[in-house]
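Build the full structure now, drawing on both the sequences and the hints.
As you go down the protein sequences, you meet chains A and B in turn. All letters in the first sequence, in the order written, are residues 76 to 443 by this note's numbering. All letters in the second sequence, in the order written, are residues 76 to 443 by this note's numbering.
By construction, these hints were calculated from the structure, which means they are not laboratory data. Don't take each hint at face value.
To be verified - The calculated SDA-like cross-link candidates involving lysine to any residue, where the alpha carbons are at most 20 Å apart (straight line), are: (1) B:K226 <-> A:L174; (2) A:K103 <-> A:D233; (3) A:K226 <-> B:G146; (4) B:K92 <-> B:T77; (5) B:K226 <-> A:P176; (6) A:K395 <-> A:A437; (7) B:K82 <-> B:G427; (8) B:K230 <-> A:C368; (9) B:K189 <-> B:E203; (10) B:K99 <-> A:T231; (11) A:K230 <-> B:W101; (12) B:K277 <-> B:D258; (13) A:K230 <-> B:E420; (14) B:K226 <-> A:Y144; (15) A:K103 <-> B:N227; (16) A:K434 <-> A:E152; (17) A:K173 <-> B:K230; (18) A:K103 <-> B:T231; (19) A:K434 <-> A:F391; (20) A:K94 <-> A:A375; (21) B:K226 <-> A:Y145; (22) B:K230 <-> A:I323; (23) B:K230 <-> A:Y144; (24) B:K103 <-> A:D233.
Predicted model, so just to flag it, every value in this text is computed and none were measured.
Each chain, letter by letter, is given below.
2 protein chains.
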Amino acid sequence: MTFKVPKDVTFCLEEEKGKEFIDKFWGKTPTYCCVIANTDTAKIPGISAAGANPDITDYTPAADMELLYYGRCKCIEGVPITPDGIPTPGLITMSALKLAPMPVFVLNGGLRVKPHAPYFEVDGNPGEDIRTGKSVKNAERTYDRAVVAGKNLAKTTDCLVVAESVPGGTTTALGVLTALGYDANGKVSSTFPVNPHDLKQKVVEEGINACGLSREALKLDPMAAVQALGDPMMAPAAGLIAGAAESIPVLMAGGTQMAAVLAVLKGMDDTVLDNVAIGTTRWVAEDEHSDLCHLVSQIAEVPVLAANLNFSLSRFDGLKIYETGLVKEGVGAGGACIAAMASSEGRVTSHGLNDEIEKNYARLVSRR
Amino acid sequence: MTFKVPKDVTFCLEEEKGKEFIDKFWGKTPTYCCVIANTDTAKIPGISAAGANPDITDYTPAADMELLYYGRCKCIEGVPITPDGIPTPGLITMSALKLAPMPVFVLNGGLRVKPHAPYFEVDGNPGEDIRTGKSVKNAERTYDRAVVAGKNLAKTTDCLVVAESVPGGTTTALGVLTALGYDANGKVSSTFPVNPHDLKQKVVEEGINACGLSREALKLDPMAAVQALGDPMMAPAAGLIAGAAESIPVLMAGGTQMAAVLAVLKGMDDTVLDNVAIGTTRWVAEDEHSDLCHLVSQIAEVPVLAANLNFSLSRFDGLKIYETGLVKEGVGAGGACIAAMASSEGRVTSHGLNDEIEKNYARLVSRR
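Spelled out as structure tokens, the structure:
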């Protein structure tokens, strides 16, 4: 059987299933929903580059959503940047959604800074530093409510893209994957080009020691694992996917953070795993300092797809530098591009995305 | 031209436009979205029967939403009732949605008690007593954010039903209609069979005198009118409708409270008025103590449709009593029934609704 597949997508894991999966997005209008949250883990020096400095990372998820809704941020000047001034991958997502318009929704997993935009509330709380071993409150409540949102969203669309924006989220991903018994050390991604694996591992070990639960207990209870070592995006993202994937295909748009969500999803509801795939960027898929496919293959037979974005010929240094491994992914950039390519029946390409991204970069970043 | 029209719907105002409007719902699956809020106006003795006593009216909107999502309430025992024990019209809405399933969403305009369910947050606040003349905060902010939600919801559905659940809401409707210069005294509906018009008028006059704005200033500024004399449902409901009705038909499901929302909508965006209609119950349409059609005809050439519900042959006294004018409408009961009839291509009828409502009444009310 042959499937309709965008030319600028690489199938990194479970290729046949991945082709069958993305074929269902061909010519359809997916709905895009981004689950956003804050965790104080992002404020540990050296953990996150998703903001000009650790304190300002609280604003990044809200600002990313404003970018998608309004084409500019409201809660901050300009757009979220790394300490080196490299702009948010939200620029990529925004460009994909411009070329292939989709309904956009936001779900607040637990934010310190709310976007100037409507969002689904599921009664979550901002996340604490995972070194406390008590990083998330009421995970199951947010999971359950997001299931309801997912079931209802699924009635309104043929397919769903679930994204995330959580500064510090790869460290909490390491935390939850470790807690759930997966071999994740040295495997999670980073916004930094040189991945601070040792620091992340140390932080996670502190959290495990502080949480008061045995490794065996954590392994068997995904909600306990999230509450001890996760961030507030994970449980509602898993719930949203569980609720929707009962009836429609769901593209989990993200890098190694989505591997953690997949691990949570598997622990909560393994009946929907045949209806999901992970969609990311080439920069994550080819990253030598992390290993998304190794993580996913430990969890379930779920396809991994990568959008072949390439900024090496960009006229802007701030985009070119993505090729060195800075930023890599976020706001569902890779998955949104894949969805845009399939939704447009291949009319949206990597090349066309580059042009749109450069245009938006020129407007939002270089002229500031 | 002939239109496909459910047999158990009465066209009370703008009949031809109303038939053309509801024809667009024929065989389609509308999305249902209920805007809920609290106002302390409901706690003025004698104003609202949307709760067993005035203080407990704070729980009614949240409980209504739980009924729709879960088939039972979570934040209270049983279901919301009047002081006489008559159950919420949410039972009718729930029954309509069971017979003709629709995606269900909730928007929090400003609540003291939140539902155990996901909802759109637009950063509103609970409403104060309108006698203060400062009954709502940040009306324009909630309007703007709800516009964004409405635009995005409209991309996911062919048609939308916008409902409300706000105890005390007919008094705030009188407030805003009066502030906007309409002749509304004695025209708004009530959950009580004997409508406390004099009390409502007195409360509204107090609010107008306290608000610090001239009648002329109020008349020209719908957001100021809502902030002085409205409730927190009105601005986001108008915004949701404005955002959606740009592209799809929107049934405003409610009685005289929706006349107030229509007045706000007209003041904010009169370009979408051709794409809306008001859908209510026969009990509101035929009410001798209020006059929805007179209100609407002052505002715009917008159709008014009524679902011909008739509980006179019910085996339950708690439903039969609806025929005496108690409760009448709420939670978009009338509009949800009309939408269910059209959506099912006429297979859902008044008779079928009665059976379903009796079944749910038996399960939720009489066995308590």
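Right, here's what the structure says about each hint:
1. B:K226 <-> A:L174: Roughly 18 Å separates the two Cα atoms, so the pair holds.
2. A:K103 <-> A:D233: Holds, at roughly 7 Å.
3. A:K226 <-> B:G146: holds (15 Å)
4. B:K92 <-> B:T77: With Cα atoms ~12 Å apart, K92 of chain B and T77 of chain B stay inside 20 Å; holds.
5. B:K226 <-> A:P176: Within the cut-off at roughly 12 Å; holds.
6. A:K395 <-> A:A437: holds (14 Å)
7. B:K82 <-> B:G427: holds (13 Å)
8. B:K230 <-> A:C368: The given pair, whose Cα atoms are some 34 Å apart, is violated under the 20 Å limit.
9. B:K189 <-> B:E203: holds (17 Å)
10. B:K99 <-> A:T231: Between K99 of chain B and T231 of chain A the Cα gap is close to 17 Å, so the pair holds against 20 Å.
11. A:K230 <-> B:W101: holds (18 Å)
12. B:K277 <-> B:D258: holds (15 Å)
13. A:K230 <-> B:E420: Given pair K230 of chain A, E420 of chain B holds - Cα atoms ~19 Å apart, limit 20 Å.
14. B:K226 <-> A:Y144: Holds. K226 of chain B to Y144 of chain A sits at ~11 Å (cutoff 20 Å).
15. A:K103 <-> B:N227: Given that 20 Å is the threshold and the Cα spacing comes to 16 Å, the pair holds.
16. A:K434 <-> A:E152: With Cα atoms ~19 Å apart, K434 of chain A and E152 of chain A stay inside 20 Å; holds.
17. A:K173 <-> B:K230: holds (14 Å)
18. A:K103 <-> B:T231: Judged against 20 Å, a Cα distance of about 12 Å means the pair holds.
19. A:K434 <-> A:F391: holds (11 Å)
20. A:K94 <-> A:A375: It holds: about 17 Å lies between the C-alpha atoms, which stays within 20 Å.
21. B:K226 <-> A:Y145: holds (12 Å)
22. B:K230 <-> A:I323: Holds. K230 of chain B to I323 of chain A sits at ~17 Å (cutoff 20 Å).
23. B:K230 <-> A:Y144: holds (14 Å)
24. B:K103 <-> A:D233: Holds, because 15 Å separates the two Cα atoms, which is no more than 20 Å.
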